[in-house]
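Protein chains in written order, with our numbering: chain C, 13 to 307; chain U, 10 to 404.
Please keep in mind that the hints were generated in silico from the structure rather than gathered at the bench. Hints are not guaranteed to be accurate.
Said to hold, decoys possible - Short derived list, chain C residues pointing at chain U, Cβ under 7 Å:
| # | residue |
| --- | --- |
| 1 | PRO35 |
| 2 | ILE40 |
| 3 | ARG42 |
| 4 | ARG67 |
| 5 | ILE96 |
| 6 | LYS99 |
| 7 | ASN144 |
| 8 | TYR147 |
| 9 | CYS148 |
| 10 | PRO149 |
| 11 | ALA304 |
Said to hold, decoys possible - Listed next, with one range per pair, are the computed distances between beta-carbon atoms:
| # | chain 1 | residue 1 | chain 2 | residue 2 | range |
| --- | --- | --- | --- | --- | --- |
| 12 | U | GLY213 | C | GLY229 | 48 to 58 Å |
| 13 | U | PRO14 | C | TRP55 | 19 to 29 Å |
| 14 | U | ALA208 | C | VAL253 | 39 to 49 Å |
| 15 | U | LYS162 | C | GLY229 | 27 to 37 Å |
| 16 | C | ILE40 | U | GLU231 | 57 to 67 Å |
| 17 | C | MET224 | U | GLY213 | 33 to 43 Å |
| 18 | C | VAL221 | U | ARG350 | 56 to 66 Å |
| 19 | C | VAL299 | U | ARG123 | 43 to 53 Å |
| 20 | U | GLU15 | C | VAL62 | 22 to 32 Å |
| 21 | U | ALA141 | C | PHE80 | 22 to 32 Å |
| 22 | C | VAL299 | U | ALA141 | 44 to 54 Å |
| 23 | C | ILE40 | U | PRO14 | 26 to 36 Å |
| 24 | C | ALA232 | U | LYS162 | 36 to 46 Å |
| 25 | C | ILE178 | U | ALA141 | 40 to 50 Å |
As the list claims (entries may be wrong) - Below, in silico cross-link-like pairs of lysine to aspartate or glutamate (EDC-like), each with a Cα-Cα straight-line distance of 20 Å or less:
| # | chain 1 | residue 1 | chain 2 | residue 2 |
| --- | --- | --- | --- | --- |
| 26 | C | LYS74 | U | ASP158 |
| 27 | C | LYS297 | C | GLU53 |
| 28 | C | LYS74 | U | GLU119 |
| 29 | U | LYS162 | C | GLU66 |
All figures in this text were calculated on a predicted structure; none of them were measured in a lab. Ideal placement from N, C-alpha and C gives every residue a C-beta, glycine not left out.
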Amino acid sequence: MVARWRQGEGGSAGAGVAVVDGPPPELIFRRVLHPLAMLRELWSRRELIVVLSERDLRARYKQTKVGFAWALLTPFLMMVVFTIFFKRVADVRTGNVPYPLFSYVGLLAWTFFSGALSKGAVSITQNLTLLNKVYCPREVFPLASVAVAGVDTGIAVSILGILFVIYQFMPTATIVWVPLLIAVQLAFTIGITVGMSAMVVYFRDLRQVLPMILQFGLFATPVGYGLEEMPHRWWPVYSAVNPLVPVIDGYRRTILLGHPPRFDLLLIGGTASVLYLVVGYIMFKKVEGGFADVA
Amino acid sequence: MPTSPEGTIAATQIWKRFRADPTRQSFRAKAGHLKRVATGKGRRGWRWALRDVDFVVEPGESVGLVGINGSGKSTLLKILARVMYPYAGRFDVSGRVGALIEVRAGIHPELTGRENILLYGTLLGLPRRDVASRFDEIVDFAQLEEAVDRQVKFYSSGMQMRLGFGVAAFLEPDVLLVDEVLAVGDTAFQQRCIDRMRAMLAGGTTLVFVSHDLAAVEGISERVVWLHEGQVEGDGPGREVLGAYRGALEHVAAITPTSTGPVQVVKAQVVGPDGDAVRTQGPVEVVLALRATQRFAGRVCIGFSEGPASPIVLLRRDMHLSDDEVTARCLIERLPLPRGRYFLWLGVFQAKGELLPWQPAASFDVIGPDLDAGPAGIARLSPVHVASHWDVGRT
Numbered sequence: 013m014v015a016r017w018r019q020g021e022g023g024s025a026g027a028g029v030a031v032v033d034g035p036p037p038e039l040i041f042r043r044v045l046h047p048l049a050m051l052r053e054l055w056s057r058r059e060l061i062v063v064l065s066e067r068d069l070r071a072r073y074k075q076t077k078v079g080f081a082w083a084l085l086t087p088f089l090m091m092v093v094f095t096i097f098f099k100r101v102a103d104v105r106t107g108n109v110p111y112p113l114f115s116y117v118g119l120l121a122w123t124f125f126s127g128a129l130s131k132g133a134v135s136i137t138q139n140l141t142l143l144n145k146v147y148c149p150r151e152v153f154p155l156a157s158v159a160v161a162g163v164d165t166g167i168a169v170s171i172l173g174i175l176f177v178i179y180q181f182m183p184t185a186t187i188v189w190v191p192l193l194i195a196v197q198l199a200f201t202i203g204i205t206v207g208m209s210a211m212v213v214y215f216r217d218l219r220q221v222l223p224m225i226l227q228f229g230l231f232a233t234p235v236g237y238g239l240e241e242m243p244h245r246w247w248p249v250y251s252a253v254n255p256l257v258p259v260i261d262g263y264r265r266t267i268l269l270g271h272p273p274r275f276d277l278l279l280i281g282g283t284a285s286v287l288y289l290v291v292g293y294i295m296f297k298k299v300e301g302g303f304a305d306v307a
Numbered sequence: 010m011p012t013s014p015e016g017t018i019a020a021t022q023i024w025k026r027f028r029a030d031p032t033r034q035s036f037r038a039k040a041g042h043l044k045r046v047a048t049g050k051g052r053r054g055w056r057w058a059l060r061d062v063d064f065v066v067e068p069g070e071s072v073g074l075v076g077i078n079g080s081g082k083s084t085l086l087k088i089l090a091r092v093m094y095p096y097a098g099r100f101d102v103s104g105r106v107g108a109l110i111e112v113r114a115g116i117h118p119e120l121t122g123r124e125n126i127l128l129y130g131t132l133l134g135l136p137r138r139d140v141a142s143r144f145d146e147i148v149d150f151a152q153l154e155e156a157v158d159r160q161v162k163f164y165s166s167g168m169q170m171r172l173g174f175g176v177a178a179f180l181e182p183d184v185l186l187v188d189e190v191l192a193v194g195d196t197a198f199q200q201r202c203i204d205r206m207r208a209m210l211a212g213g214t215t216l217v218f219v220s221h222d223l224a225a226v227e228g229i230s231e232r233v234v235w236l237h238e239g240q241v242e243g244d245g246p247g248r249e250v251l252g253a254y255r256g257a258l259e260h261v262a263a264i265t266p267t268s269t270g271p272v273q274v275v276k277a278q279v280v281g282p283d284g285d286a287v288r289t290q291g292p293v294e295v296v297l298a299l300r301a302t303q304r305f306a307g308r309v310c311i312g313f314s315e316g317p318a319s320p321i322v323l324l325r326r327d328m329h330l331s332d333d334e335v336t337a338r339c340l341i342e343r344l345p346l347p348r349g350r351y352f353l354w355l356g357v358f359q360a361k362g363e364l365l366p367w368q369p370a371a372s373f374d375v376i377g378p379d380l381d382a383g384p385a386g387i388a389r390l391s392p393v394h395v396a397s398h399w400d401v402g403r404t
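Chain C on its own, in the form it takes in the complex (with noise of 0.2 Å):
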């Protein structure tokens, strides 16, 4: 086949540069995604995502000198400024329940998040070294940051027996419900994680805007105060955009209160926690294999 030669396009690329005619269209390369196979090779690499986050890990940790201290003390600082702050000023209600214990059970939920996001969103970018070298399922990278901070956050729970300890307070038999909620903010989160770090290399400005993002959720979750300081008729609609309002909640009815979850809520939460996943996810699956080219 013979290449065809004609004169770049009025102005488009420059005049005088010569552009080619593509190849015939039938020859164009598309990438075709069983969705089975995706998720088939995704757990054959599953060493990949334990890796890579102890690489995280490893390497963060290696330059600090408090270490993993710190992934306890984010939330608890946290806590202590919304203690003095949330309860003094604004009276949160918490039921019988102390709110350090009360705003604390939000917090662990809203870091995991936060954090997974906020490394999460920048793994493809930060990567982009090794992607250009080396195959994989580009996925495991945000994937590896969501691990992490799962990591972070199961260190930052034993603060929470150490507050049990302190307010005398024993977490309540409807624990049980727990993995539940677990589950659903883990498909929001992973689905949210994953799809922004797809966007972060075509988009570089979210990295300044994502911040800023993360810090008014803070204060768009009920993570300082209760789903009650809300208004009632407001909650599903909430609870569809943010499906962290019913986990939220449903931890501290669970751990703290001795309450099933709200049903209709997390499940109106669920529902759009597995669409923010699907559609996250095979939105990254369809721009990978870009991610090299703009490198």
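Following the hints, put chain U in place on chain C, whose structure we already have.
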């Protein structure tokens, strides 16, 4: 679909394009683009990096990939490594691919050498225990010794390269893609890399080797593919394609003697006896005519090379130059060069600096026998023909 044996590369009719304008990835640039599209003021320009490239390699074959900068070599390797997707074409690479594209592939500066070996091995798709079982070999090859537990950011660039090559070469890929890595290491390490690649070839690994060191390419690859402006310009036995490639380099390094300096080249010629052809082991004469802007005492250097500025043979002579034309003849009684096309390089120097920069001044062809070919993997640095006589018999 028939599955090809592990280590096969089958890439046909590959096209790849990039943006011609290096747009910044910002909202502003995107908005500008949308505006141009909306107002119909022209489409975005694309530059073809690969155009209709066929690249098919059998398992265990060793292929050298040559071409000037920007000819598409690295892009092709990235497509073969499945890092990049082509715009059009069909491709299939079966088996595990180990790629050394740029030197520090996959190396993370904050981690130790040990952690990096594990990370890179896992990236290549090996289970942890397989990486662990080859760990000692890698450390041994890369000569890291106790440095393996040091953070990679404290490594010298040579150590980083050795680590990168060691990992890629010892994790037993079915296909090894090597992109211009030998440029960094010292001579001893280069030779060990070549030895290792030869051992892998013997073990059935498919090798694609990109380098500007044509001698190394010739030593490792029986077959050479020459890319030019994104198209295959030549594909065939190494010596043939490399010969054509060297010949084409002449046009790139155009023989245009400079006329701006204090010394000008009026004439530069390489001629055989009585204007006859130049023959291996035959007499040859270099004829120079130089003119200077004023009186100079300078050292005239001439050299023969296959193209690059480093000559195979270098000769020099101190002489006086003036604004009258000075003619110099240098007779070489037995030219030790085998058949091929060569370049005469020329420069005039003084203790203080150069009167005429080192430049190719003429090209000439030598008629004669080819050099004896060595076994695969032995790289010949520069071709020299030595008259020899064998006497074989029982003692």
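We went through each hint and held it up to the structure:
Satisfaction of the interface hint for PRO35 (chain C) is found here, the shortest Cβ-Cβ separation to chain U being roughly 4 Å, below the 7 Å cut-off. For the restraint placing ILE40 (chain C) at the interface with chain U, the shortest Cβ-Cβ distance is roughly 5 Å, inside the 7 Å limit, so the hint holds. For ARG42 (chain C), the interface hint is violated, since its Cβ never comes within 7 Å of a Cβ in chain U; the closest pair sits about 10 Å apart. For the restraint placing ARG67 (chain C) at the interface with chain U, the shortest Cβ-Cβ distance is roughly 6 Å, inside the 7 Å limit, so the hint holds.
The criterion of a C-beta within 7 Å of any C-beta in chain U is not met by ILE96 (chain C), whose closest approach is roughly 36 Å, and the hint is violated. Restraint check, LYS99 (chain C) versus chain U: the minimum CB separation of about 40 Å is more than 7 Å; hint violated. Taking 7 Å as the C-beta cut-off, the interface hint given for ASN144 (chain C) holds, the closest approach to chain U being about 6 Å. Of the supplied interface hints, the one on TYR147 (chain C) holds, with its beta-carbon coming within about 4 Å of a beta-carbon of chain U, less than 7 Å.
With a least beta-carbon distance of about 6 Å to chain U, the hint placing CYS148 (chain C) at the interface is held under the 7 Å criterion. Annotation: interface hint on PRO149 (chain C) violated; nearest CB of chain U at approximately 10 Å, more than 7 Å. At about 4 Å, the closest approach between the beta carbon of ALA304 (chain C) and any beta carbon in chain U falls short of 7 Å, and the interface hint on this residue holds. Between GLY213 (chain U) and GLY229 (chain C) the beta carbons are some 55 Å apart, a value that agrees with the proposed interval 48 to 58 Å.
Checked against the given bound of 19 to 29 Å, the beta carbons of PRO14 (chain U) and TRP55 (chain C), roughly 26 Å apart, stay inside it. A hinted range of 39 to 49 Å is violated for the C-beta pair ALA208 (chain U) and VAL253 (chain C), which are about 60 Å apart. Between LYS162 (chain U) and GLY229 (chain C) the Cβ separation comes to about 35 Å, which falls inside the hinted range of 27 to 37 Å. The hinted window of 57 to 67 Å between ILE40 (chain C) and GLU231 (chain U) is violated, with their beta carbons roughly 34 Å apart.
MET224 (chain C) and GLY213 (chain U) have their C-beta atoms about 55 Å apart, which leaves the hinted 33 to 43 Å range violated. Hint check: VAL221 (chain C) to ARG350 (chain U), Cβ distance near 59 Å, so the stated range 56 to 66 Å holds. The given range of 43 to 53 Å is broken by VAL299 (chain C) and ARG123 (chain U), whose C-beta atoms sit roughly 35 Å from each other. Range check, GLU15 (chain U) to VAL62 (chain C): Cβ separation about 27 Å, and the 22 to 32 Å hint holds.
Checking the proposed 22 to 32 Å range against ALA141 (chain U) and PHE80 (chain C) shows it holds: the Cβ atoms sit about 26 Å from each other. Checked against the hint of 44 to 54 Å, the pair VAL299 (chain C) and ALA141 (chain U) fails, with Cβ atoms roughly 36 Å apart. Against the hinted window of 26 to 36 Å, the Cβ-Cβ separation of ILE40 (chain C) and PRO14 (chain U) comes to about 28 Å, which satisfies the hint. Hint check: ALA232 (chain C) to LYS162 (chain U), Cβ distance near 40 Å, so the stated range 36 to 46 Å holds.
Between ILE178 (chain C) and ALA141 (chain U), the C-beta spacing of about 45 Å keeps the proposed range 40 to 50 Å intact. For the suggested pair LYS74 (chain C) and ASP158 (chain U), the alpha carbons sit about 13 Å apart, so the restraint of at most 20 Å is met. Distance check on the hinted pair: LYS297 (chain C) and GLU53 (chain C) sit about 13 Å apart at the alpha-carbon level, within 20 Å; holds. For the given pair, LYS74 (chain C) sits about 8 Å from GLU119 (chain U) by alpha-carbon distance, which is consistent with the 20 Å threshold.
About 18 Å separates the Cα atoms of LYS162 (chain U) and GLU66 (chain C), which keeps this hinted pair within 20 Å; it holds.
In the structure shown, a violation is registered for the earlier hints numbered 3, 5, 6, 10, 14, 16, 17, 19 and 22, in ascending order.
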